[in-house]
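Number of protein chains: 2
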Amino acid sequence: MSTVEAPAKPFGTLTFEEKLDRLALVAVRVGLNLQPEQEVVISASLDHVPFVRRITEHAYKAGAKAVTTLYADDETILARYKYAPDASFDFTPKWLADGIAAAYGSGAARLGIAGANPALLKDQDPAKVSRANVATSKAMKPAMEPITRHAINWSILAGATPAWAKLVFPHLHEAEAVPALWEAIFKASRITGDDPVADWKQHGQNIAAQVDRLNEKRYSALHFRGPGTDLTVGLADDHLWAGGGGVCGNGIFCNANIPTEECFTTPHKDRVSGTVSASKPLSHQGTLIENIQVRFEGGRIVEANASAGQDALRKLISVDEGASRLGEVALVPHSSPIAQSGLLFWNTLFDENAASHIALGQAYATCIREGEHMDEATLAAKGANTSLIHVDWMIGSGEVDVDGVRTDGTSEPLMRQGEWV
Amino acid sequence: MSTVEAPAKPFGTLTFEEKLDRLALVAVRVGLNLQPEQEVVISASLDHVPFVRRITEHAYKAGAKAVTTLYADDETILARYKYAPDASFDFTPKWLADGIAAAYGSGAARLGIAGANPALLKDQDPAKVSRANVATSKAMKPAMEPITRHAINWSILAGATPAWAKLVFPHLHEAEAVPALWEAIFKASRITGDDPVADWKQHGQNIAAQVDRLNEKRYSALHFRGPGTDLTVGLADDHLWAGGGGVCGNGIFCNANIPTEECFTTPHKDRVSGTVSASKPLSHQGTLIENIQVRFEGGRIVEANASAGQDALRKLISVDEGASRLGEVALVPHSSPIAQSGLLFWNTLFDENAASHIALGQAYATCIREGEHMDEATLAAKGANTSLIHVDWMIGSGEVDVDGVRTDGTSEPLMRQGEWV
Ligand SMILES: [Zn+2]
Ligand SMILES: [Zn+2]
Ligand SMILES: [Zn+2]
Ligand SMILES: [Zn+2]
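Sequence order for the protein chains is A and B. So that you can map any letter, position 303 of the first sequence is 303 in the numbering used here, and since no number is skipped, the others follow by simple counting. So that you can map any letter, position 146 of the second sequence is 146 in the numbering used here, and since no number is skipped, the others follow by simple counting.
Each hint should be verified, as a subset may be incorrect.
[What the hints assert, rightly or not] Straight-line alpha carbon distances no greater than 20 Å define the calculated PhoX-like cross-link-like pairs of lysine-lysine that follow:
# : chain 1 : residue 1 : chain 2 : residue 2
1 : A       : K61       : B       : K19
2 : B       : K61       : A       : K128
3 : B       : K19       : B       : K187
[What the hints assert, rightly or not] Sample of chain A residues with no beta-carbon within 12 Å of chain B, all distances over it, derived:
# : residue
4 : D86
5 : Y104
6 : A135
7 : H223
8 : P333
9 : T386
Quick caveat, the hints were computed from the structure, so don't treat them as lab data. Since the model is a prediction, treat every value here as computed from it, not as a measurement. We put the beta carbon where it would ideally sit given N, CA and C, even for glycine.
Make a model of the complete structure from these sequences and hints.
This is the structure we're talking about:
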């Protein structure tokens with residue numbers, strides 16, 4: 001990782017274009033840590049064209065052999081729901097999904113730009129939305145595997161869009177909301193210091209120290225207590241805590257999420273019990289799910305309610321057997337800069353870094369010791385869950401306590417009122 | 001083909017958005033003749049987003065199962081030439097080319113929107129431009145095969161862009177040039193009548209009648225005479241004339257070019273001799289080649305000159321063995337609406353329909369009787385040329401005469417001063 005291109009000017013004196021360029025630099029140098037002659041595949045919304053252009057320039061400067069951007073367009077997605085024949089909703093262009101998988105297989109890095117309208121599909125038929133999501137997840141499974149296994153260097157970061165900005169800043173006009181969201185993204189993405197590449201290095205070392213402490217503990221479970229929550233999350237056998245950047249299967253160190261504040265590991269798919277209430281709404285593929293409350297027995301959700309989006313929630317957890325079990329548990333201190341911003345981003349990439357969370361669905365093989373070399377059956381025997389989905393879901397807040405439960409059944413305080421003890 | 005959605009309002013009373021929508025309708029219904037539950041892959045420039053949105057809506061209305069648009073961006077193409085490492089110019093993402101080929105193989109239709117800046121690469125290193133073109137052509141060969149063989153329904157039409165408009169209307173400001181170019185495109189694309197779908201049907205019947213007359217003649221060669229031109233183009237054995245729409249290998253009738261005014265066939269790759277002068281400049285992948293003059297012996301170019309872009313021309317014809325031989329000869333009357341517009345479009349799709357032309361490189365197998373069922377060696381024995389390139393190149397004008405040469409060596413007038421006799 002090189003700081004050679006990090007600008008020396010104080011952040012406050014930069015123009016918007018210079019700030020955007022700095023985030024693009026961080027995406028390439030910190031997020032991907034792109035290597036000379038590597039290929040990159042970018043996925044973005046048409047709202048992100050100026051940002052993609054900055055990123056592409058930095059990618060070529062870093063030695064990229066080719067930069068290919070696959071653009072999605074909210075308007076044509078809606079046109080599909082309005083006009084396409086019914087059969088469309090069980091169909092996904094497999095050639096494109098397979099092509100992306102082939103790109104990763106041949107050494108390409110992957111950069112995702114989040115920020116499309118989180119409420120895009122809220123007025124669409126939930127049955128069609130769910131069918132389309134299932135079709136996409138199925139087609140994308142080979143492309144998602146090198147991502148979940150961290151076989152390649154990849155990163156996801158966010159860019160503001162008008163629709164997203166209006167949701168985060170409902171009282172501002174669009175002309176003010178979009179720049180306000182960009183500023184919030186810049187702060188949350190830790191690029192406001194004089195040398196963001198060096199700042200990211202320090203931030204990564206801090207998270208790594210916390211991860212090391214958790215790995216030494218070898219807890220058998222975590223116990224969450226808070227308003228509407230009394231949940232025991234058993235941890236997978238040979239689980240590993242992770243967080244911040246890491247070395248991928250291709251040997252490249254990358255930061256897969258910008259921002260990232262979490263320490264996370266793999267729960268045991270059969271050893272989760274109790275009740276849990278979401279501390280923030282969940283925005284899932286265009287539908288907003290609010291005030292989720294769920295009861296687990298033997299690892300499985302046996303009761304699921306929500307004050308809004310309940311249908312979408314129930315469809316989500318019935319996508320497959322693993323969709324009603326946990327694939328991730330993560331701890332985030334309430335003092336995280338994103339929590340402190342006081343904003344609800346309506347976007348998992350940000351909101352999951354404002355609060356401790358759990359994820360329904362697929363587990364990360366890398367969070368099991370030697371897991372990247374195990375087949376699915378061996379991983380499952382350790383307790384790692386399998387599913388087409390992986391949906392993060394916030395359960396932490398300043399009112400939630402967490403205990404670490406040892407293998408002998410005794411426990412010790414880990415977080416109190418959302419902060420590390 | 002259905003005229004059900006063709007608007008009844010006179011063209012002159014339509015808003016720009018309504019005119020654009022009408023061209024989008026013609027693209028889907030006339031160009032592709034898209035079938036219910038067919039998939040479509042669109043390639044377009046980021047300048048074409050509003051046009052792509054209109055097309056996508058009409059595609060879904062026609063029953064498309066999925067519409068995928070692959071966007072190119074002039075700015076990131078230039079960033080590559082400015083910043084990418086040298087190895088980049090021999091590399092093309094093969095996963096994407098193979099993905100597109102797989103899409104066609106699984107039944108997708110293909111729509112191309114032309115109109116990107118024709119002079120985009122004029123200041124770039126011609127060696128890099130040529131290497132990049134060769135790499136792309138090689139990677140795209142499997143994807144181009146179903147196109148050149150007309151195995152699937154496909155169509156290419158144009159949308160105005162600021163850079164292109166400035167080239168066509170150098171004396172207008174951008175704000176006037178772009179609408180002027182759109183109007184020229186609308187006229188050339190024959191959508192200014194009250195029922196463009198019906199008008200296209202009539203136009204297709206007129207071209208088909210001319211094609212039938214030429215096919216009955218069984219000429220062995222065409223002889224072009226004009227200023228700087230005295231060229232004999234032998235025709236391939238069992239050549240077939242084609243033009244207008246046609247039934248593709250998948251059984252769907254489509255109009256592969258909008259506009260189209262030409263009748264074309266396959267020349268014999270070894271039987272072209274004499275001298276020919278271009279009647280219009282050639283814009284080839286970002287480079288402008290002007291005042292081309294070329295001499296053929298035994299089918300092969302033995303001398304090639306141009307007043308501008310001569311390097312690009314010589315690189316082009318040395319891409320491979322077939323790049324210096326002909327793969328197409330086409331007749332277009334000088335009374336074609338595009339010729340009559342008096343505009344130089346700097347775009348082959350339009351300019352080739354303003355004048356009789358020849359093409360260097362790959363021949364269309366469909367212009368040999370039963371050619372779509374022949375292997376490469378059998379096609380070559382008939383005289384059909386093979387190459388990675390296919391570049392059309394205008395040689396007709398109001399000053400050019402064409403004779404049809406019979407197998408017994410006698411000849412008859414076919415065109416005089418650019419018009420059918
Ligand atoms: Zn997480
Ligand atoms: Zn997660
Ligand atoms: Zn032609
Ligand atoms: Zn041609």
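- Message: Need the list of violated hint numbers for this structure, in ascending order.
- Response: 1, 4, 5, 6
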